[in-house]
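Peer 1: Could you slot chains B and C onto chain G? The hints should help.
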Amino acid sequence: MGRALVWDATCVDSLAASHLPSTSQKAAAAAESAQMLKRPKMFLLRQAVSNARQLAPSVRAMSSKGPLVDLTVDNDGVAIMTLQRPPVNSLNLDLLKEISKSLDDVAKNKSRGMILTSSSPTVFSAGLDIMEMYKPDMKRAEEFWTTLQDVWFKLYGSSFATAAAINGHAPAGGCLLSMSCEYRAMVGGKFTIGLNETALGIVAPKWFMDTMCRTISMRQAELALTTAKMFTVDEALKCELIDEIATDKADAINKCKTFLKKFEKIPPLARAITKLKMREEPIKNLQTSRQADVQEFLSFLKNPKVQQSLEMYIQALKQKAAK
Amino acid sequence: MGRALVWDATCVDSLAASHLPSTSQKAAAAAESAQMLKRPKMFLLRQAVSNARQLAPSVRAMSSKGPLVDLTVDNDGVAIMTLQRPPVNSLNLDLLKEISKSLDDVAKNKSRGMILTSSSPTVFSAGLDIMEMYKPDMKRAEEFWTTLQDVWFKLYGSSFATAAAINGHAPAGGCLLSMSCEYRAMVGGKFTIGLNETALGIVAPKWFMDTMCRTISMRQAELALTTAKMFTVDEALKCELIDEIATDKADAINKCKTFLKKFEKIPPLARAITKLKMREEPIKNLQTSRQADVQEFLSFLKNPKVQQSLEMYIQALKQKAAK
Amino acid sequence: MGRALVWDATCVDSLAASHLPSTSQKAAAAAESAQMLKRPKMFLLRQAVSNARQLAPSVRAMSSKGPLVDLTVDNDGVAIMTLQRPPVNSLNLDLLKEISKSLDDVAKNKSRGMILTSSSPTVFSAGLDIMEMYKPDMKRAEEFWTTLQDVWFKLYGSSFATAAAINGHAPAGGCLLSMSCEYRAMVGGKFTIGLNETALGIVAPKWFMDTMCRTISMRQAELALTTAKMFTVDEALKCELIDEIATDKADAINKCKTFLKKFEKIPPLARAITKLKMREEPIKNLQTSRQADVQEFLSFLKNPKVQQSLEMYIQALKQKAAK
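Chains as they are written, first to last, in our numbering: chain G, 1 to 323; chain B, 1 to 323; chain C, 1 to 323.
For reference, chain G alone in the conformation it holds in the complex:
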């Protein structure tokens, strides 16, 4: 968008810069006005983001210490969400519920952005807790899967900006959480990341696949998903599964903050709507198949062979732990 009549050649070099609103008032007005650009189906979204324009002074009040998720806001107004369910942040119903509630808190409190990380020195998240699948109470199992879907809707489709500081292994569901963010900085060294569901005889749901296909190429996603590939940090960087390699957790968080700072002068509403228009298709896909997706998971759990397989897996883990 340029304004030709009042421009002369001398202002051309500052073309891009001049597009940045110079006052916060102007930014707010521009953001507000952009509301009209959305399609009707974006109506609910509009309400969710309508107040997301600036960091509110009340934001530090959001800090909370839950048993499984620590949510604080640092001096820059960035929310840090730390998963802290030892030893490996396995995603059980309780942890998923706390993540879901914490995502609501970040949305309500108008944070400038959120960084997802882990309290473990070696694991970002080990993925879904198989104890939620072994001899399950079906009512709880349904709540478990529905909550996982909720977490993905809230994280992948958040109006606030998101980044993952991946400070440990991130298999399966751990990889999904990080891919649902807008940016990934991962601590270098021995850690690995990937959707390795097939190794356990499991098929990743279509929305896991969709999320990966919008992070790396379809070709690389097919290779990774079928071979249960756990990427080293270098491999992940090369195919853009992660965006940067960090030296340690603090560095990963700093790199995420540097990413979030890019939005400082971008009107938040225009940013949020742009993000959601880009992510509209996979979100709509799960919205329309949500119930079928739950039923698929429950049928899977009811299969005696699945239960037998899980029992053997749990026995193997116990023996390993006993050594």
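These aren't lab readings, by the way, just hints derived from the structure by calculation.
Glycine included, each C-beta is placed from N, C-alpha and C at the ideal position.
Possibly wrong hints are sitting among the right ones.
Stated by the list, open to error - Okay, derived cross-link-like pairs now, BS3-like style, lysine-lysine, Cα gap no bigger than 27 Å in a straight line:
1) B:Lys206 with G:Lys262
2) C:Lys238 with B:Lys262
3) G:Lys265 with G:Lys139
4) G:Lys190 with C:Lys261
5) B:Lys238 with G:Lys265
6) C:Lys305 with B:Lys261
Said to hold, decoys possible - Stretches of chain C that chain G covers, calculated by requiring three or more beta carbons in the stretch to come under 8 Å of a beta carbon on chain G:
7) 166-180
8) 214-225
Unchecked claim - What follows is a list of derived Cβ distance ranges for each label pair:
9) G:Gly66 with B:Pro121: 37 to 43 Å
10) G:Ala321 with C:Glu264: 22 to 28 Å
11) B:Thr288 with G:Gly66: 43 to 49 Å
12) B:Thr288 with G:Pro121: 40 to 46 Å
13) G:Lys108 with B:Arg140: 25 to 31 Å
14) C:Gly188 with B:Pro121: 52 to 58 Å
Peer 2: Chains B and C only, in chain G's frame:
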């Protein structure tokens, strides 16, 4: 497609070469015949390209000097379309109308291909002219947006081959025009290119996004659109937003010509239908949502906050120009 | 998927490894159980793969010598399918029928995977045999195209793992066959690969395009398809049209085997369903447009200009062979 019975091992090395028709008569026949490969919905397209088989001798008659677009055909039979609305080729209704008409001329006159460039030494096109959006006459605003859609349909979906010689900055609508071509050579140095709409509080329409997602990866497109990224020439080359870096405008045009020469021995109709089959999805998407897309734009303009934001922006530009 | 309660920090480093089932019994159970993850529309698929869990002892019985396709199983239990229709493996109805039948044999006999290669020292496959298109019997032509579709459905949508050892030129249909596999190792040197249909005045069907767009980027696919690009081996590796460069045929086959070995500890059913979920969209697209796709091909053959073009092409080939 090979013919086994009459081949022996000695002709194998010239396999690819033998696929190239050796006479223009043959090429014409092959092109004609390829008509039957298209689907019924491609019927209108077929008519549009049915005469696009060879450079007609009449092609130099196309040369014309409009006030805002210069259209000439060079000695190689390539049409050069130069945007010349000083100072920064802001896309107002008049310029868009001339571009639209010029694209019709290129299509009618069976050019061997078209190169889009700018008369400005520093700006390819600054994008949409915000004076078309500030306190607009609604009838004119509707014509403005409809004409922009027309230009995209005609350029992105052209049956003739297209390339952009990007000899200056190309933000927002300027980036869109270049991405709608089939090839991009950009003059190196300080120039930048990108869809930076969010910086102004604006959301790029879905068809801008679709066009970018078919040029660079979805991952890179999301990053670029949400952060309003203006790519340096080196960054643009790395993620394939542009295809080549040129030393100056003449070099950029030469590189575009070299690209267009690749089609010399390709039957034009098969080439055109292949291009349009590849681009069918985004074109169909806008065709089916065209009216909604216009209404979205008009609603946006009717919002008082939008008008307020535009006024502030124009004031800022005026003050900058006055210094 | 991790099990937190029984884990401590010492077992974290073996996180990925611990996901690999340690006994074949467990793998079988896990595979079986994964059946429940599929959607209803995957029902037929389920039957096709339900027995694909392990290499059956009977697998060597599959070896057969057809006139046009040689199918053997090596000591590692991998099926090697060799196209052997001299001189250039042009795909006529007879060859396509044998390929189709051989793919059924591999599926029935629970092979650990299949490698597709050629008996020719210089051509993988020259693509469709134009003698099937020149003055055709329409009933045979319909069978020809339907069989080509069948081969693609069976190869692109196979439940067993596939790789192509590309030991020679692979234009048009030859490129399609290799892209339909899950991995490509190509012998280096002078050989080329690509969908070069436009050079003959032909438009590649949409499912050829879909297959390429899921192998390389859409941007590169458009460039390649419109320019009839035959990639050198180095170019093909760079844009990921192939995965590896081999020194000779034996090396190409070894590289394919190394790829197939990655699936040794992956439960085959979970692998198969994951592959098919990833490939679901293009498969569904052709399933729903299959009849229209046949009619398009037949209309193409009925066009007198097409027949004239083919006659000229055949004459040119005959003259070349006579020299």
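Peer 1: Decide, hint by hint, whether the structure agrees.
Peer 2: Outcome of the hint check:
Taking the CA atoms of Lys206 (chain B) and Lys262 (chain G), the gap is near 23 Å; set against the 27 Å cutoff, the hint holds. In summary, the hint linking Lys238 (chain C) to Lys262 (chain B) is supported, as the alpha carbons are separated by about 20 Å, within the 27 Å threshold. Distance hint between Lys265 (chain G) and Lys139 (chain G) is unfulfilled; the C-alpha atoms sit about 46 Å from each other, more than 27 Å. Using a Cα cut-off of 27 Å, the hinted pair Lys190 (chain G) and Lys261 (chain C) holds, with the two alpha carbons roughly 24 Å apart.
The straight-line distance between the Cα atoms of Lys238 (chain B) and Lys265 (chain G) is roughly 26 Å, inside the 27 Å bound, and the hint therefore holds. This hinted pair checks out: Lys305 (chain C) and Lys261 (chain B) have alpha carbons roughly 26 Å apart, not beyond 27 Å. Look at the segment 166-180 of chain C against chain G: 0 of its residues bring a Cβ nearer than 8 Å to a Cβ of that chain, fewer than three, so the hint is violated. Under a criterion of three residues with beta carbons nearer than 8 Å to beta carbons of chain G, the stated coverage of the segment 214-225 of chain C is upheld, 4 such residues being counted.
Checked against the hint of 37 to 43 Å, the C-beta distance between Gly66 (chain G) and Pro121 (chain B) comes to roughly 59 Å, which is inconsistent with it. Judged by the Cβ atoms, the range 22 to 28 Å given for Ala321 (chain G) and Glu264 (chain C) holds: they are separated by roughly 26 Å. A hinted range of 43 to 49 Å holds for the C-beta pair Thr288 (chain B) and Gly66 (chain G), which are about 46 Å apart. Remark: the range hint 40 to 46 Å for Thr288 (chain B) to Pro121 (chain G) is contradicted by a beta-carbon distance near 52 Å.
In this structure the hint that Lys108 (chain G) and Arg140 (chain B) lie 25 to 31 Å apart at CB is violated, the actual value being about 42 Å. Take Gly188 (chain C) and Pro121 (chain B): their Cβ atoms lie about 46 Å apart, and the range 52 to 58 Å is violated.
Hint violations for this structure: numbers 3, 7, 9, 12, 13 and 14, all remaining hints satisfied.
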